[in-house]
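What follows is each chain in one-letter form.
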Amino acid sequence: MRIIICVKRVAVLSDDVAFTDDGLAVDPDYLDFTLNEWDACAVDEAIRIRDAVGEGEVVVVTAGDPDADGELRRCLAMGADRAVRVWTEALRQPDPLTVAHALAEVIRPEEPDLVLCGVQSSDALQGATGAALAGFLDLPVVAVVTMIAYDATTRTATVHRELEGGMIDVVETTTPAVLTIQTGINRPRYVTFRAIQEAQGRDVAVQVAEPFGRRAYGIRGMSMPTRRRAEMIGGNPTEIAARILQIVRGSSAA
Amino acid sequence: MSGVLIVAEHRQGALREVTLELIAAAKELKNAGVGPLAVAMLGSDVSAMLGVVALDGVDEIIHVPVAMDEFNGEVYRQALPALIRQRRPLVLLTGFTVDAMSYAPALAASLGLGFASDVTGCSAQKGWLTATRGLYAGKVQVQLDFGDGAPVLLMLRPGAWSPAGGFGSPVVTRLEAGVDLSQVRIKHREYITPQTEGIDLGTSDFILAIGRGVGEKDNVPVFERLADRLGATLACSRPLVDSGWLPHARQVGQSGATVKPELYLALGISGAVEHLAGMKASGTIIAVNSDPEAAIFNVAHYGAVTDLFALAEALEQLT
Ligand SMILES: Cc1cc2nc3c(=O)[nH]c(=O)nc-3n(C[C@H](O)[C@H](O)[C@H](O)COP(=O)(O)OP(=O)(O)OC[C@H]3O[C@@H](n4cnc5c(N)ncnc54)[C@H](O)[C@@H]3O)c2cc1C
Ligand SMILES: Nc1ncnc2c1ncn2[C@@H]1O[C@H](COP(=O)(O)O)[C@@H](O)[C@H]1O
Chain A
1 MRIIICVKRV
11 AVLSDDVAFT
21 DDGLAVDPDY
31 LDFTLNEWDA
41 CAVDEAIRIR
51 DAVGEGEVVV
61 VTAGDPDADG
71 ELRRCLAMGA
81 DRAVRVWTEA
91 LRQPDPLTVA
101 HALAEVIRPE
111 EPDLVLCGVQ
121 SSDALQGATG
131 AALAGFLDLP
141 VVAVVTMIAY
151 DATTRTATVH
161 RELEGGMIDV
171 VETTTPAVLT
181 IQTGINRPRY
191 VTFRAIQEAQ
201 GRDVAVQVAE
211 PFGRRAYGIR
221 GMSMPTRRRA
231 EMIGGNPTEI
241 AARILQIVRG
251 SSAA
Chain B
1 MSGVLIVAEH
11 RQGALREVTL
21 ELIAAAKELK
31 NAGVGPLAVA
41 MLGSDVSAML
51 GVVALDGVDE
61 IIHVPVAMDE
71 FNGEVYRQAL
81 PALIRQRRPL
91 VLLTGFTVDA
101 MSYAPALAAS
111 LGLGFASDVT
121 GCSAQKGWLT
131 ATRGLYAGKV
141 QVQLDFGDGA
151 PVLLMLRPGA
161 WSPAGGFGSP
171 VVTRLEAGVD
181 LSQVRIKHRE
191 YITPQTEGID
201 LGTSDFILAI
211 GRGVGEKDNV
221 PVFERLADRL
231 GATLACSRPL
241 VDSGWLPHAR
251 QVGQSGATVK
261 PELYLALGIS
271 GAVEHLAGMK
281 ASGTIIAVNS
291 DPEAAIFNVA
301 HYGAVTDLFA
311 LAEALEQLT
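Just so you know, the protein sequences line up as chains A and B, in that order.
Sequential numbering from 1 applies to the first sequence in the numbering used here.
Sequential numbering from 1 applies to the second sequence in the numbering used here.
Misleading hints may appear alongside valid ones.
Unchecked claim - Derived DEER-like restraints, expressed as beta-carbon distance ranges:
no.	chain 1	residue 1	chain 2	residue 2	range
1	B	Ser-2	A	Asp-203	23 to 33 Å
2	A	Arg-189	B	Arg-212	17 to 27 Å
3	A	Pro-66	B	Asp-200	43 to 53 Å
Said to hold, decoys possible - To give a feel for the contact side, a few chain B residues facing chain A, derived at Cβ under 7 Å:
no.	residue
4	Gly-147
5	Arg-185
6	Ile-192
7	Gln-195
Just so you know, the hints here were simulated from the structure itself, not pulled from any lab data.
As the structure is a computational prediction, the values presented were derived from the model and not from experiment.
Every residue gets a Cβ at the ideal spot worked out from N, C-alpha and C, and that includes glycine.
Let the sequences and hints guide you as you build the complete structure.
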């Protein structure tokens, strides 16, 4: 069987923020990068399924520029078999439809049995790319999945869909299908420094996709949200603790 | 092409609150000249919910009969294109909810709609739509527009609009969307309600909640003891449950408990929307975090930038 996981190199904002001159993006100097937490769970889950089935291939795919190769190699170090990076100029302004379309172009010919995405990316928080991908591929999609039982004989998957409040909706889907993976489905395996080093020498296949030709949105501008700030308590930990206790004792709750 | 079409959300026979928030947002767009406001309801029998949706400002409720009552994204992906072709709305609204996450983006992709999710504000001017959403855990806001006037599907963040109220008298119509249940690839099996393990965060007046800032499992007992000493109930953010350090019954947030204690003391919690969804209505919120920019400080009444272990130790010494 073949499992494809879409993984994203996500940006983490440092304490300071500055925008680019056109005001349409955050200046990359103020960003750090890492593998999206949800995607690490998805990769781990794919490896588990492959190993449980006893055969098959786990392929990680990202849509982005060569800077994302580091995150792909991290997934190889976790145990993925192959890495593909897709690029199209439209990805300079990524929106979920543009990204999903580019991903679909490389995933379709792979004829996967399962496609796993994260529920959301920690920087863009769109919760949309996985289901959009299912739209382009015309596959069923289940969002916010916390358990997967794949049956290789019937080629169906019984999955837990986590609803608001924590209730689980148990559903069964035919495969191929797209599943968006929620944290907690597993505890992603530890990757050794040695495995990461070894993965540095592995290949990342690069493909160029046709542009979608339509954008989900245009960006007009960025700004810092106006904030209602808490009243800040200063001082050393003892002084802060004393003030907190005062607030606690002043309320009728304690 | 004109008007706003809302997709109502319901579960186990009850309308979900977010639908009323969508109506509130849609009324703003309607007043800005986008056109009439219709609410689509998919299901076999929606009559019991009609009264809740028949609110002031709603012009039409469209019942799309489908012989399936549990939510199924496949049904929505089949039915909504027909509905959109018929009614040609300018704007489609759904909640940014678990259900909508499994059909709305797919619809936007296959129909080539304008699209944005987790939207916290939207407005229209002469048929041009703009929307606002957050980036980088809400630390940055981005303003979006949607170009050439194709329909735009917006998924609105639950809680960002106050629910609409006031009764109205919309017409109720029926629209056959030609759903073919034999083509539905997903089957609902059952619901499983989470274990409460005798813990009820909802009744506590004072909650001490810990987040990923506690670092490791072995540190959790420190805060169990602290909560005991302070007379507080211990709660946590999702990563602690994901890691198996505390049971799900102690999780506050969108996929956990919704709480409204008089006092909520948050230690080492960043303030992700999904966490805030479960506790922002608390009476007094005190947040302690080593990051002065943590989003939790935007909902907290009191905040302190310090190491939570040093603070826990100081609190223990003073009590
Ligand atoms: C569909 C969905 C549902 C979700 N439901 C929930 C939910 O119900 N509840 C929930 O909580 N989350 C939920 N989440 C997850 C949510 O998006 C966040 O990932 C989560 O809330 C982060 O938890 P945290 O704040 O503890 O961790 P982090 O975001 O990692 O924050 C840890 C914080 O601790 C601070 N810190 C670190 N060390 C120290 C120290 N020594 N002293 C003081 N401060 C320190 C850091 O500055 C940081 O702000 C959901 C996500 C999705 C997609
Ligand atoms: N540029 C990308 N490359 C590969 N996968 C992506 C990319 N952007 C988003 N995804 C996938 O879509 C999921 C949800 O992201 P988002 O819709 O941005 O919240 C992520 O967890 C990834 O699995």
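Cross-check of the supplied hints:
Between B:Ser-2 and A:Asp-203 the CB atoms are about 52 Å apart, so this pair departs from the stated range of 23 to 33 Å. Look at A:Arg-189 against B:Arg-212: about 19 Å separates their beta carbons, and that is inside 17 to 27 Å. For A:Pro-66 and B:Asp-200, the hinted distance range of 43 to 53 Å is satisfied, since their beta carbons lie about 52 Å from each other. Hint status for B:Gly-147 relative to chain A: holds, with the closest Cβ pair at about 6 Å, below 7 Å.
Nearest Cβ of chain A to the Cβ of B:Arg-185: about 4 Å, under the 7 Å cut. The hint holds. Interface restraint check for B:Ile-192: the shortest CB-CB distance to chain A comes to about 4 Å, inside 7 Å, so the restraint holds. The beta carbon of B:Gln-195 comes no nearer than 9 Å to any beta carbon in chain A, farther than 7 Å, and the hint placing it at the interface is violated.
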